[in-house]
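Chains A and B supply the protein sequences, listed in that same order.
Numbering of the first sequence is given in my numbering, commencing with residue 2 and proceeding in unit increments.
Numbering of the second sequence is given in my numbering, commencing with residue 5 and proceeding in unit increments.
Keep in mind that the hints are not guaranteed to be accurate.
List of simulated lysine-lysine pairs, DSS-like, C-alpha gap at most 27 Å [as the list claims (entries may be wrong)]:
hint, chain 1, residue 1, chain 2, residue 2
1, B, Lys-323, A, Lys-355
2, A, Lys-199, A, Lys-176
3, A, Lys-235, A, Lys-249
4, A, Lys-235, A, Lys-355
5, A, Lys-235, B, Lys-323
6, A, Lys-235, A, Lys-7
7, A, Lys-7, A, Lys-362
8, B, Lys-254, A, Lys-136
9, A, Lys-355, A, Lys-7
Restraint-style ranges between C-beta atoms, simulated for each label pair [stated by the list, open to error]:
hint, chain 1, residue 1, chain 2, residue 2, range
10, B, Gly-206, A, Leu-358, 25 to 35 Å
11, B, Gly-318, A, Val-248, 17 to 27 Å
12, B, Gly-201, A, Val-45, 54 to 64 Å
13, A, Trp-8, B, Ile-298, 41 to 51 Å
14, A, Val-38, B, Trp-116, 22 to 32 Å
15, B, Trp-116, A, Pro-106, 50 to 60 Å
16, A, Val-248, B, Thr-89, 47 to 57 Å
17, B, Gly-129, A, Ala-175, 45 to 55 Å
18, B, Ala-162, A, Trp-8, 49 to 59 Å
To be clear, the hints were calculated from the coordinates, so they are not data collected in a lab.
All residues carry an ideal CB built from backbone N, CA and C; glycine is no exception.
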Amino acid sequence: MERMPKWADVVLIPLISLLIAFILSGLVIIAIGEDPVAAVQMMVKGAVGSTYGWGYTLYYATNFMFTGLAVAVAFHASMFNIGGEGQATLGGLGVAVVCLALPWPHWAIALPVAVLGSALFGALWAAIPAYLQAKRGSHIVITTIMFNFIGASLLNYLLVNVMRPVGSMDPATAKFSEGTHLPTLHDILAVFGIPFSKAAPANISFIIAVLACFGVWLLIWRTRLGYELRAYGKSEPGAVYAGISPVKIIMVSMLISGGLAGMMAVNNVMGEAERLVMNSVEGAGFIGIAVALMGRSHPFGVFLAAILFGFLYQGGAELALWTSIPRELIVVIQALVILFTGALDNMVRVPLEKLFLTLRKEDV
Amino acid sequence: MDFATVLQVFDSTVRLATPLLLACLAGLYSERAGIFDIGLEGKMLAAAFFSGAVAAVTGSVWLGLLAGIAASMALSGIHGLASITFRGNQLISGVAINFLAAGLTVVIAQDWFQQGGRTPSLVGGARFSPIELPFAEAVKDVPIIGQTYYQLISGHTALVYIAFAMVPLTWWLLFRTRFGLRLRAVGENPAAVDTAGVSVIGIRYAAVAICGLLCGIAGAYLATALQAGFVKDMTAGRGYIALAALIFAKWRPWYALSSTLLFGFLQAIALRYQNIDLGGFVVPVQFMDALPYILTVVILAGFVGKAIPPRAGGEPYAKER
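One chain only, chain B, in its complex shape (with noise of 0.2 Å):
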């Protein structure tokens, strides 16, 4: 494997693994407030078809973004009523949600377009092209330092440079201010929050509308940069992966990125190379699909370091009357 190939595989990394980054800090957001959230994929898939259809129809791909956060923090807007509101269980409300999204983006997107069940393709304008990063042009050619510059960091859309900066600015934000201190508290224990005069209720409706901004901007990147329009169920079990990538991040900001550029890598892999021959032993494409999620599980048992909820995860928050 000489060094162009090497670079073109983590090249497809970085574009892989941007939408199961954005979904997985999106996760982050929502788990740490307390707030379970497997409706990743649906709000992912959701703002994938209105980002792609408003783009396709306006030809303006900003439009389209606004448009799939929009989708997107309507049903983050179910799902913090169905778990925040009315206390109910924030696993099946996940469920509906990524069944109505599965559903719904169908149904409408048979109705406008009946291309069946996909979006007209997006060209131009309707699309996030690929930023030439200043000098880039220039040291292409000089070896190793210039090509992974012009090959591996330039050369992406607007979109993939946001995900990679929310990880700093994600670690800021839960770690060195007043609010993310906050809503870690309210993932921990909401009472003391409570006690201390600051609205649960308040926290976990911004954790959530957090969550469906940032699983807006990846199911945008998917239709409208990544591949150009809406295929039905396009996101193909992203936000399950990204699940998995939250959890073997610890629910952490900086893990988040190495977890997801790891299951961006397995990806990439299992997309450029069928079959890997390891010198007589073949390991079959479907192993390498399958690794993202048994990795999780092996973490998950906690044979490899273990990996702790917040506490309050997953329980409605009561006031004591």
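Bound conformation, chain A alone (with noise of 0.2 Å):
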């Protein structure tokens, strides 16, 4: 018998976690000396109460949905990915790669070609941390960590020594030509005669992004491949009594995920800084993380989870430029978020269960 209603597993756990997050961030806006309400009308309104806000928070929301589908692939194997920042560092030069390798006449025809350039970088930058738990059982979170590290610092030699233009002091590559500057909301909503704000950066890496979601949930739970990779993470012994191969699903389920994480790339290289420059992933790849685990790993879960960390990073941003609280605010956030959702689920999930076990007990 299940402990309790599927509902509450799926969506009362989560909000209640998030419930005590928001709680927490809020004591920590009094004690800094704000008002949390006016604090929140003030991130409502930056994040989603203009089409100029809208843009941003739909950008950042692209990226997280990437990192966040990334993340939730590896957690469907049992596999705790915490390398999508590096991944999307690679998947950055892969872009990067593709966009001044030749001149590209329209963005449709460079677009196809940097989804596949970013997303092989990444899954590449997954490939050998997975190949060393498939084959030597070294642990994929420390390994996935040392890569972050290594991807930072041989983007840092490439984009000093080799990418730079000549003449230029500054550690990035070259603009990208003309013909790879990816349509914005802006250009797309306008064929449909809907006004949207100019400046803003969201582009239509959003649709990809959002079509990765619905391929990722085709991949999980209408595949052979999704099965088997769930058979993997529920029980190893269980799987491999069932013929499923580990160090394929290792592999598999990794180079997804890598390649994931790399197609980040594309909303914030591509469509948006039109070069590759120094750390250009901000730490996105780390917020992959509480995204996936706000999402429960359900590619419709990691989207809307997304959206709401993309409403808070451009809230945070507005509230950093009026008022005094920093920008880092939104870091504590993120840390409450993957602090009660993911490490402290039991804290929520084990008192609800006995409450609906007693409510039972009282129906019979």
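Fit chain to chain and form the complex, with the hints in mind.
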């Protein structure tokens, strides 16, 4: 017998965890002498009160969707991919290589190749830790952390010594050519006659991210591979008994995970910066962990959680602009969300389960 | 390269290895007891801020040290609560602690000091000052031995000597006392310890508390000895390097000393020389930065000696009912 109804597991627990995280964040705001209600109003106004705000919220959400999906896919195979940051960094390299290699005539031709390039580089960066886990038993968490740092150093080297244009002091690549500039939501919505802010960076990658959510849902719940992945994640001995190869599942799940994290670069490198700069990922790889935990590793949950974090990011930027609350408050909220939805899950779950059991007994 | 330069590099190796050594030993206690801790970075960062802040306000570095230790141990408490009491995922808890420290330190620093997430510069008694060992001045001019004694061994802050003293102490505690045996047993086979009537939860909390204590000293060292005050993200990945050193050391105290000295040496070299020219082939500084991580991956891959973690590491212990 189930301990509690499914809706409580899927909706109620994340909501309670989120509520605790928000209440604690509110206490932090009060502690530094600001008004939490006014802060929330300002965040709502700044993040979703205008098409400009929406443009940023959706731009950030696009990043978090990719990294959140990356962590979620790995979670299903009971792998903890903490290397999204490094994989997204390398994905940026893939995008830059594609965009700078050819004089692209039109974005519609450049985009699919850039998506492939970013996914390929991201997957490549996940491949080595995956191989070491599958074949040598090296703990994937530690190796992916190490690869985050190695990736940052590698990119630093390439930008300073190899990819920097002659005469430029800035450790960044040259600007990408006109033919790789992606249409923004302003351009896309203008076709339908809907006005949208021109300055905001949200672009066509948002649609790719939504498609990726759908694709991951298909993969996990509608394909044989997804079934094997989940089976392995639930029980390794069971999966082996059913003839599923652990090496294959570890490799494939991590390659998909790395590829998804890498694809984030289409949004931030190709869509926004239009050149590759140092530290372009800005922690989005780690936010993916919070997003996946919050979204219970389900693509639709990831979609919602990514929008929520996009809102927090843009709202937090507005707060930092207009009040004395620093941007880092968002990092605190993110930490609390990870803590309560991830590590302290049982703190919320166990009392709730007991509650549901007593309620059921009374029914009988 | 003359002898004076060599001494300078070794001297800075010792300075840079100290926080790594303290954090590495901190991780050693925790992981030997079966609690994975990737939150070393966050604990050090929180300790660095609170030690810097309290030292700046009170002017006393010792009060600063206590505040740093308290902050670090509070985060250890959260980690213990999540991973021991509520049997949550230890890795996720560690990630959360790192972010909590990264965010809170800047938010509080901005509120208290309004200096863009840093503390005021520490002067005088608010910082640890170097300790001159006996006869250092007298033997300063004796070639090699005297110079080494004066430059390399004497003239560090108290925390450096504490850190190095922690190595034999840790070895003795873990391998020569009853508490140490139980701590290691809890990391290998908690059920056996439980059967013997010893509290698994108690031992694990003790290990996590010691981990917090040592991370606290490491963080205080960063803000009040190595540098004069706290700056945003000042740990700069040292917690992760310490984690790497711990794996490199195969979870053993003396090996931890050598691995942190090696990684400290790499940092000292990278700090002093930007790009190293090896007769036509230039080693870029970025490679030196990445070398600790690359070495750790190689060790983890088991190509050069296998690193086997404590068997019950990462698994919450549930008593049978």
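Exercise for the section: Determine which of the earlier numbered hints do not hold for this structure and return their numbers in increasing order. Expected result: Failing hint: just 16.
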